[in-house]
Amino acid sequence: MVTLSEHQRSSVERRTFQKDNHLCSNPQKRAAASRDCGKHRTGANAELITTEIEPLHGLSQRSSMPPSPPSPASPAGDSRVELGQKVTLLRGISIIIGTIIGAGIFISPRGIVVHTGSIGVSLLVWVACGVLSLFGALCYAELGTCIKKSGGHYTYILAAFGPQLAFIRLWVELVALRPAAMAVISLAFGRYILEPLFMPCAVPPLAVKLATTIGITAVMYLNAMSVTWSARVQIFLTASKLLAMGIIIIPGLYRLLAGDTRNFENAFDTSHTQLSGMPLAFYSGMYAYAGWFYLNFVTEEIENPERTLPLSICISMAVVTCCYVLTNVAYFSVMSVDELLASEAVAVTFAERVYGSLSVVVPVFVALSCFGSMNGSLFALARMFYVASREQQLPRVLSMIHVRRHTPLPAVFVLYPMTVLQLFVGDIYSLLNFMSFIRWLFIAVVVLGLLYMRYTQPELPRPFKVSLSTTQPVLPRPFRILLIKHS
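1063 is the number that this note's numbering gives to position 312 of the sequence shown; each next residue is one higher, with no gaps.
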């Protein structure tokens, strides 16, 4: 151990002071020193950097203020790393369609029919769920164009009602809702990816869960490695989804046009329909449409959000609603109500009836569809946890971004352990009913926040503005009260 004398310590301090003064008078050297200091400071974690941004609450007081001038070291010398704007209109549409069309259209038909007991009523439920989702999506389009920050539900509740309610929403999302949602999608992926290997036998439950775990790991690795590649894969998977639905829709419509309409003869027979079962039917239907809000989770990464966000939402919802109704019509062109209820994998049963030995292709496309939904939802959710960490409502490590890859690495992996745990707790339908109620409860809170901010923050610029009548179906009016009462 070396001990410095008093004279030596004074000499070192003088030289350090002179060096610091020299750096302060030289912006280029100061910026370089700051970067070097950051490298030494992070040590083994030099690949990650923490970003900071001003809090969201109090938005109206700052909305009219001009942006502050850049510091001497910015932008050229600033070492802060931020998420880039890489989401174009095509990628935005692929994120929404790719996230909505997942496990729902292949799981929910059975859940809706079992509670409606009628082909005609089940199709009406599909249409009603699509319209209700469109109204909610338009409300989110207004919020996304006036609050250009990522985070979705969490960000809007924070801006409207403050950190307390946003904190509750965040932790419900992190602990219960998102792990359950990811588990439902992932279990469907595991079941369908193994279906061709075990035909005609049933797939063992343990094999499904192991395949599901592998799928979750692959999705998280992809999102951790590259934003660009994650978006490109999403476009490919979205095309695969539409192709899978085309494989179902085209032969179904052909059978109907050829005159095979025997399953639709008593389509609106409501003798087996009970009002008490309608809420659970809507839960299943709304789950199939879940995902229209995910583009709002990545608002900071959207090119020209004032145009891209509303256009992506409107195009996506129109495409999805048409595809869903036509897919269910195709199912019923081949299967009766009883046959559909007896099927654990509706799309596979349909393919076996229509394509025979070639039916092995359909489960593969369905698995790709589920994988795309997993990829899109994780891509969006990681940004919500990233934003919450910036707001100091989650551990600071979740706001760190990989320096070279520009991905929120810790925020991507935070869901992994809880999602895997959910795989071994409960079945798909119990998880589905649980999360559908909570999700739509908080969506109603967000829409209330939209109306509240119109009153408290009228000066906020709103490039896209919905009419008040659009918000009514999403609010907890008699329709919502009826769902809660009978659930």
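Calculated directly from the structure, the hints in this document are not laboratory data.
The beta carbon of each residue, even a glycine, is placed where N, CA and C say it ideally should be.
Hints may be right or wrong, so weigh each one.
Stated by the list, open to error - No farther apart than 16 Å at their CA atoms in a straight line, the calculated lysine to aspartate or glutamate pairs in the EDC-like style are these:
(1) LYS899 <-> GLU1057
(2) LYS1216 <-> GLU1057
(3) LYS899 <-> GLU1095
(4) LYS899 <-> ASP1089
To be verified - Here are the computed distance ranges between Cβ atoms for each label pair:
(5) LEU1211 <-> LEU916: 16 to 22 Å
(6) THR979 <-> ASP1089: 32 to 38 Å
(7) PRO1212 <-> ALA1009: 16 to 22 Å
(8) LEU1007 <-> CYS952: 31 to 37 Å
(9) VAL882 <-> LEU994: 40 to 46 Å
(10) PHE949 <-> ALA879: 22 to 28 Å
(11) ILE1189 <-> HIS1157: 40 to 46 Å
(12) HIS1157 <-> THR1207: 46 to 52 Å
(13) VAL1112 <-> LEU841: 47 to 53 Å
(14) GLN1025 <-> PRO1214: 16 to 22 Å
(15) GLN1025 <-> LEU1202: 42 to 48 Å
Going down the list of hints, with the structure as the test:
Taking the CA atoms of LYS899 and GLU1057, the gap is about 9 Å. The hint holds against a cut of 16 Å. Distance restraint check for LYS1216 and GLU1057: the Cα-Cα separation of roughly 11 Å lies within the 16 Å cut-off, and the hinted pair is therefore satisfied. Taken as a hint, the LYS899 and GLU1095 pair is broken in the structure, with Cα atoms around 42 Å apart against an allowance of 16 Å. Pair hint LYS899 plus ASP1089 does not hold up; C-alpha atoms about 48 Å apart against a cutoff of 16 Å.
The given range of 16 to 22 Å is respected by LEU1211 and LEU916, whose C-beta atoms sit roughly 19 Å from each other. Under the hint 32 to 38 Å, the C-beta atoms of THR979 and ASP1089, about 48 Å apart, miss the expected range. Here the CB-CB span from PRO1212 to ALA1009 is close to 55 Å, at odds with the stated 16 to 22 Å. For the hinted restraint 31 to 37 Å between LEU1007 and CYS952, the CB-CB distance of approximately 32 Å keeps it satisfied.
Range check, VAL882 to LEU994: Cβ separation about 26 Å, and the 40 to 46 Å hint is violated. Between PHE949 and ALA879 the C-beta distance comes to about 36 Å, which lies outside the given range of 22 to 28 Å. In this structure the hint that ILE1189 and HIS1157 lie 40 to 46 Å apart at CB is violated, the actual value being about 32 Å. Distance hint check for HIS1157 and THR1207: the Cβ-Cβ separation is about 35 Å, which falls outside the suggested range of 46 to 52 Å.
Evaluation of the 47 to 53 Å hint for VAL1112 and LEU841 yields a failure: the beta carbon distance comes to about 26 Å. Between GLN1025 and PRO1214 the beta carbons are some 45 Å apart, a value that contradicts the proposed interval 16 to 22 Å. At roughly 34 Å, the beta carbons of GLN1025 and LEU1202 sit outside the given window of 42 to 48 Å.
Hint compliance for this structure: hints 3, 4, 6, 7, 9, 10, 11, 12, 13, 14 and 15 are not met, and every other hint is.
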